[in-house]
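There are 2 protein chains.
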Amino acid sequence: MEYLLRPRSVVIVGASQKRGAIGNSAVRNFIDLDFKGNVYCVNPRYQEIEGFPCFPSVVEVPGEIDVAIIAVPVAFVENAIRECAEKKVSYVVIFSAGFAEMGDEGKQKQEEIKKICKDHDIRVIGPNTMGITNVIDKINLSFTNKGALKWLDGSIGLVSQSGATGHTILNKGEDEKLGFAYMITTGNQLNTTTLDVMEFLLEDEKTDVIAAYMEAVPSGGQLKDIGAKALLNRKPIVVYKSGRSEAGQKAALSHTASLTGSSKSFELVANKYGLVSVDTIEEIIDALKAFNGKKYPKGNRVATVVISGATGIMIADNLAQYNQDLVPLTDQTKNRLREVVADYLPVDNPVDIASTLMMNPAIYKHCIQTLAEAEEVDSLIIHLPLGKSNGGLNFAKDVLDVAKTTDKPIIVLTTGSEEEISPVREYLNENKVPAFSNVVSATKALDYLLSYEKICAERDRINTVSADENELKFYLPNEATVTEPEVKQILKDSNIPVPVGIVGKNIEDLLNKTAGLHYPLVAKIVSPEITHKSDVGGVVLPIKNEEELIQAYQSITENVSKHVPNAKIEGILVEELVEGPFLETIVGVNRDLVFGPIIMCGLGGVYVELLKDVSQRLLPITEKDALEMVKELKSYPLFDGFRNGATYDVPALAKVLADISNLAFSLGEGWSEIEINPLIVREEGKGVVALDGLITLAEREKAIVEQ
Amino acid sequence: MEYLLRPRSVVIVGASQKRGAIGNSAVRNFIDLDFKGNVYCVNPRYQEIEGFPCFPSVVEVPGEIDVAIIAVPVAFVENAIRECAEKKVSYVVIFSAGFAEMGDEGKQKQEEIKKICKDHDIRVIGPNTMGITNVIDKINLSFTNKGALKWLDGSIGLVSQSGATGHTILNKGEDEKLGFAYMITTGNQLNTTTLDVMEFLLEDEKTDVIAAYMEAVPSGGQLKDIGAKALLNRKPIVVYKSGRSEAGQKAALSHTASLTGSSKSFELVANKYGLVSVDTIEEIIDALKAFNGKKYPKGNRVATVVISGATGIMIADNLAQYNQDLVPLTDQTKNRLREVVADYLPVDNPVDIASTLMMNPAIYKHCIQTLAEAEEVDSLIIHLPLGKSNGGLNFAKDVLDVAKTTDKPIIVLTTGSEEEISPVREYLNENKVPAFSNVVSATKALDYLLSYEKICAERDRINTVSADENELKFYLPNEATVTEPEVKQILKDSNIPVPVGIVGKNIEDLLNKTAGLHYPLVAKIVSPEITHKSDVGGVVLPIKNEEELIQAYQSITENVSKHVPNAKIEGILVEELVEGPFLETIVGVNRDLVFGPIIMCGLGGVYVELLKDVSQRLLPITEKDALEMVKELKSYPLFDGFRNGATYDVPALAKVLADISNLAFSLGEGWSEIEINPLIVREEGKGVVALDGLITLAEREKAIVEQ
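Protein sequence lines correspond, in order, to chains A and B. So the mapping is simple: this note's numbering equals the position in the first sequence, first residue as 1, plus 25. So the mapping is simple: this note's numbering equals the position in the second sequence, first residue as 1, plus 25.
Hint data in this document are derived by calculation from the structure and do not stem from the laboratory. What you are looking at is a predicted structure, and each value in this text was computed from that prediction instead of being measured. Mixed in with the good hints, there may be bad ones.
It does not matter which identical chain is used: a pair holds within one copy or between any two.
[As the list claims (entries may be wrong)] Result set (DSS-like, lysine-lysine): computed pairs, CA atoms no more than 27 Å apart in a straight line:
1. K637 - K659
2. K593 - K517
3. K637 - K297
4. K175 - K413
Work out the full structure, taking the sequences as your base and the hints as a guide.
Here it is in structure tokens:
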């Protein structure tokens, strides 16, 4: 995208002499920012616009064109694109609206343009975009005018599906003296999506941190690849994905005509790859401040210096929400603090120096330096209630001096009237010491950093799971459903224990084959056309002896021929009954339409269905992930000797989860759901048994949907 | 407090000529703000300070003194108070620190002063306070200097335990053009607490809304009285109570040396009386903006006008969190909108007018007016992304014009760079149209208003519960514990069903008395000295006939005499066993040390103990409250035919909760805990049975604590 971001020559199609018009603003941006390259205008009505030469069509522009900006009404866009194709322009930015966001007719227009661009290899930003702002090089391919003042360049790469939201983020970031590299707004994403831009920013050397606003995730797989790569390169990505609620999804659908994907699944992707998923524009700014500091805590032990006891309480309350600890200070640290802290003040964490810093400003720096050097401290939150008119900037300089001597993150909390404290906060942020004016943001900033550091520390785990989608070990049948014996054979081949059992075609066959089985038994009908076996009287249990087995056979065959007379019957499955004590669990894999397979587990009965006590992960997972999944369940204590109860075989359960993860890939793409329900978990060391299993075929589901 | 807030004459004890000193700032505040009353200084070293006469002691000041400000070091405070007492000063503001916040020695000093003040009827603000700022009358009894500019008076009464936090709230409020009446900071609260100030503000005619920051709640009863009164008078109280986490409570303990009380119990008080409980200083400001508008929604049907589709999605997402609905618009409303909305834009809620308002500003006002007048709309959120330099103030004026014509709350969301939008936001807030610059605050504001309105609508409920604490119907025994038959008699007398049963002294007595009972039965030991009956072999069940009853008697007496040979035995309780189907529930009342009795209910087994699925209310409650409690349980569907299961007698359960509420008051103050566990809930219409009950005596618990 080099020549898109740093074009040597541009043409504005639909340039205008009328001040305030989009086609004029776009031109004036090049004057205001003293653009060094060639600027050409296209408009049949003029020969010159704002001092730049104007031509009747793109084709007539002399010399090469790196980027064409299209600012004509929707009806003229197709022609402009054709001209660009003829002129061999590689990059086009289309401001014009009236495409996919306007319903079916607009969608069709967009598709037509898309085809031309594909045929001529044209990369498009938009349509319906506010364009690109290259902050580093002061190039504004946009119809908004940022003015000449606020161009603080930095290393944040910003991409936004919404132009207005992109500008809000940029504005708020600049308010806080955050430096940006670029802002790219993708609009209708004809052939360049937010993810495509993220891929570019990942490779771009001038970008250290990526910020993204998105409504839809165009490709789950692409997002995962980006996540994995960003994690390996330690390039933090802060994402605000809106459209989380049903109402929000409805609003998004009418806004961008695209499905937003399940927000739960998005969170699973974010958790796995360390994407910093936030819920508001303000949190984007907070997170960017934090990551801009480029310092990460090694653990959750926080120390804080406050000028007001109340602020100490608020910091403590908020840290507790993010599992951060106000660490008890060692005697050594306390002694060093005591060198300056007044006798009548206790030395504790929060270190409350009250207003003593007004009498002796050196107290402040000494305390901060001491905590920064204390071995028991991983990070610091420093309260600074003084503004520009009472020494706030000097104290901020003290913090900065200490920050230069340590790798530990130092977060500053400024309090007071905005007029007084904003210069102090801006000074700190400009110097990459994250400063906030509210306790929630200050404490959350530490959480962003620590959570990211933790996922980075485990990033190798992502590579250790082999999930070669091509290695198909199993072939799914062409029948309507996969029968229970077929599912169980697949589970068995995946090292997942199933009950001892046989399939018999008739009663003689059954009696022969069950000779080696231990009673009590269970008998179930086997038919690719019967999914709910119990509903048609196709299951009998317990069967205590041969006589009962014969009765069961008769009862099942009679029931089935009565309820589903034409069903294709493959036989009767007879298995040994599994006896307690055990816990019943449910393990399943579903496919998210955007993000791919998601595994879940939970306890059976009310736990999954009523209490929604379910643990989920994006596939693939390792046994370690699986163990974390089980321990995350609210009902986990029931596995672990709750109320002097038994301890159950959690490692065996975790192994099944990991095996199912592998199975999901070995089965290829032909399934939509895999479920073991119940998966019996026996007492510690005694393993698990998959009592029943279900594999739903993708085709079949599709068929149902199409009906 | 009239003469405290509007003194006719003041004396500053410890006045100083040294600029920057506390004793000087306090004096200069009277000059800067052009105080009309008499100002006297006390300092033996000077005859005059900043133009005011100075005396060696308070006693020597001529004329009457309404308020004495004490700004001397801690060692001299007692003497100053004695002088004030002699001079018959009624109000004293003590800036000096070094009292209760400094540990035992300081506490003792504070107690000594407290005694003097009590003896001479002196009302004290502080010590360790930043004093009082009367914004309306420009009187600043404080050592901070607000300058002469920001004195926007209004009707918010602010009280803060922490001086620094009080000033932060005042500063942030003034940044947003909120007008205050007074700020009173209570510091160590020697004899004037935050609650005392709230009582004053409740009565004060110039105060419409109360804002409070508190770390401790000095009296739960007083807070409840304030809440009830505020609700009846419709004077909203916004409270931030810090010290919610364990770490925060620890920090509070070392800061103010006072227990913070359980934050869960505080929330119950807030919920009951409509106190607006917030978690941050920023939320105080947000809530004050909302209540400053004095308009309340009648329901949760929200309409919104946006200039950017993304903003619409974000608003939808956030409204969903607070159970507010983006209401579908009627055809009538849509037709009226269509009069101005461009053909190529869909008319829906969010009403997205994109940037068309730039071409025709009248579109904006027309849409807002239409939605304000639409019957299906209860409240509006209006997006305003334009700042001071591109017409933002004109559009704000349009909003204001519409706001004047409607009782529905109109909330404005401004977006853009702070420099651009803050004048617009401030203009709106100054004119009482709540304006916010982030989606969370804008949507939460509606939640504050709607939640408050809902509680107000039901405020009569608070008076319908009779909880006459003097009407003692029961007398608790003087034994160590209340025995099960005694508890059951009390329950029975409270209309709570218990099993049919008898108490027998010996086997003959038992056989006689059980003649009328239906087997199966259960037998339990009765002894005021045995609480855990099963642990000592004191319970036998089921008992199917006389023979087994005799065996049970023998077994219980043997077991008890073996395990607790010296226990005083009052007999054997024999009851009919209650047979299923039923659900086991737990009902209990506990006393919070600060807030008084709290009732809870939940399902037995794992639900209460493991899953913490518990519903709680402050006592007293009505049956309607009780019904809400039960329906709040996550496990409630189990009462209501979950998975084709039975429906259980929830009304009977609710009645027991209300009966227990009454019982808790009829029992007086002698108990610390009342519990029914299990309370059997049978199927619909079949009632409940209290299988076991426990009343723990307060004295006994105290004895255990004292050990």
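Checked hints:
For a Cα distance limit of 27 Å, the shortest separation of K637 from K659 qualifies both inside one copy, at 10 Å, and across copies, at 10 Å. Taking identical chains as interchangeable, the C-alpha atoms of K593 and K517 lie at most 27 Å apart only when both belong to the same chain, with a minimum of 25 Å there against 64 Å between chains. Proximity of K637 to K297 under the C-alpha cut-off of 27 Å is restricted to the intra-copy arrangement: shortest distance 21 Å within a copy versus 29 Å between copies. In the homo-oligomer, the alpha carbons of K175 and K413 lie at most 27 Å apart both inside one protomer (21 Å) and across protomers (17 Å), since each shortest distance falls under that limit.
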